[in-house]
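Asker: Spelled out from the first residue to the last, the chains are:
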Amino acid sequence: MKILLTLVALLPLALVYYQLDSAIDPIKMLYHYTGIGAIALLLLSLLPSTCKRMCHFNLLRYRKTVGLLSFVYVLLHASVFLVLDSELDFITIFEKSLKKPFIYVGFTAFVILFFMALTSFKKLFAKFSKYHKAVYLALLLALLHSFWAQKVAGVFEYSVVMIGIFLLVERLFISFKKPKSLH
Amino acid sequence: MQTITPEAFFNARRQFLKLGAGALVSSTAISKLLAELPKDTSLHYIPDSNAQKLVINPMEQATHYVNFYEFSTDKEAPVKLSQNMKTTPWHLGFFGEIAKEQMIEVDTLIAKFGLEERIYRFRCVEGWSMVVPWIGFPLYKLLDYLEPNSDAKYVKFTTRHDPTIFPDQNRGIFSAIKYPYVEGLRMDEARHPLTFIAVGMYGKRLLPQNGAPIRLVVPWKYGFKSIKSLDLIECVKEQPLNTWQDQNPNEYGFYANVNPEVDHPRWTQAKERVLGKLLKQPTLKFNGYAKEVEHLYAGMDLRKFF
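Protein chains in written order, with the working numbering: chain E, 266 to 448; chain C, -3 to 302.
Derived from the structure by calculation, the hints contain no laboratory data.
A hint or two may mislead.
To be verified - List of simulated lysine-lysine pairs, DSS-like, C-alpha gap at most 25 angstroms:
#1 C:Lys267 / E:Lys365
#2 C:Lys267 / C:Lys287
#3 E:Lys329 / E:Lys387
#4 C:Lys276 / E:Lys293
#5 C:Lys233 / C:Lys300
#6 C:Lys281 / E:Lys361
Assemble the whole structure, with the sequences as input and the hints as a guide.
Answerer: In structure tokens form, the structure reads like this:
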């Protein structure tokens, strides 16, 4: 099941690769699809625990897989920035790009998810899982970043933000009611 | 040797055969078929010698990657959404500080000023660029005809406001930006020989998604200055508030000169993505037209007047 999940989640990448040759604005296209994939999977990774609480349907065993798949997209997204967009020009990256809120907000989300991916395996997870609540911060930053990626935000950007806010507010509500049951 | 029938003749021949068949039926059928005849959209113009040897982007890219928010914020959606746009006849209004306020149809303008080709670099503020062969006439020819008076310090341009053509103008508070779209130039910028009014590109009339039937092209400024589907040209005393400056004054100014040294608050402008290419190229100051236009901005702080 997890293998199937992985294949389905990575399938869009094959399509993107196939379209790359005929893309009018290839870098923009890569940013767009890897960004949407990362956020969609990040939102999906928050769904199992909401689902368990709201409809008593346990999908928690898929949470890690979905989270890691999201990180695959994040990693690709960051690689587009580093390799294609910035052409590994680290001076410009540090002196100019990282000073812009749009970039450092995205970069901070990347660092958080990188840390979570590294500590998602058994031994380290036991030690670091309490810090994995940082995913909420990463989600907020990623949503802000996607908002700023447009010249003006449209219906799609607002919809994604609404879903994200729903997932976060539901958790806040639960933690307010029963402070210790949050997963 | 066999010659190849040009596409237009080939299509016309089919229409002609249908016409003959129609004649046997009725005259109303003929008039209907005549109305269906594909319009000849090719233009006669003086070609640009392309002295700088710019590499022209394929027409497919320039016609399928557009910012035309009146249709959609998507780059390709305007292609389909604009296909029924009626662009003839199209009367332009000329008002403000000029000798005689008047309306003129686009074809009359073409007959008056003639047509020439200009192969220009085009750089979008979003970081992508292309090279397009435009067809039209320099704006100064039109201004000479309109005779602006001594109070005319700026030229204000307005896109048509017609929700029957442009769906996003119908969305009220849900529209992407405020309409009608407005742009402006200082009189000396407007009179500069590079400033161009385009009615065509790639040898043919402008397609609806590219701002048919008539638009502005200012090659040394970011693309949003090159306003589409013009409705009004006014000579005015005060600096017009252009749409993007109104929308977000921290990010977009009145001048919007292409400048790799002045970043957009969200991204650097040092390089650009040429459409169709995976790797980027450096952006040139004033988009490569510094020699021609930098005197217009002598002594100005380009970081302040971005």
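Asker: Next, verify each hint and record whether it holds.
Answerer: Comparing the hints with the structure gives:
{"no.": "1", "hint": "C:Lys267 / E:Lys365", "in the structure": "16 angstroms, holds"}
{"no.": "2", "hint": "C:Lys267 / C:Lys287", "in the structure": "20 angstroms, holds"}
{"no.": "3", "hint": "E:Lys329 / E:Lys387", "in the structure": "11 angstroms, holds"}
{"no.": "4", "hint": "C:Lys276 / E:Lys293", "in the structure": "12 angstroms, holds"}
{"no.": "5", "hint": "C:Lys233 / C:Lys300", "in the structure": "22 angstroms, holds"}
{"no.": "6", "hint": "C:Lys281 / E:Lys361", "in the structure": "18 angstroms, holds"}
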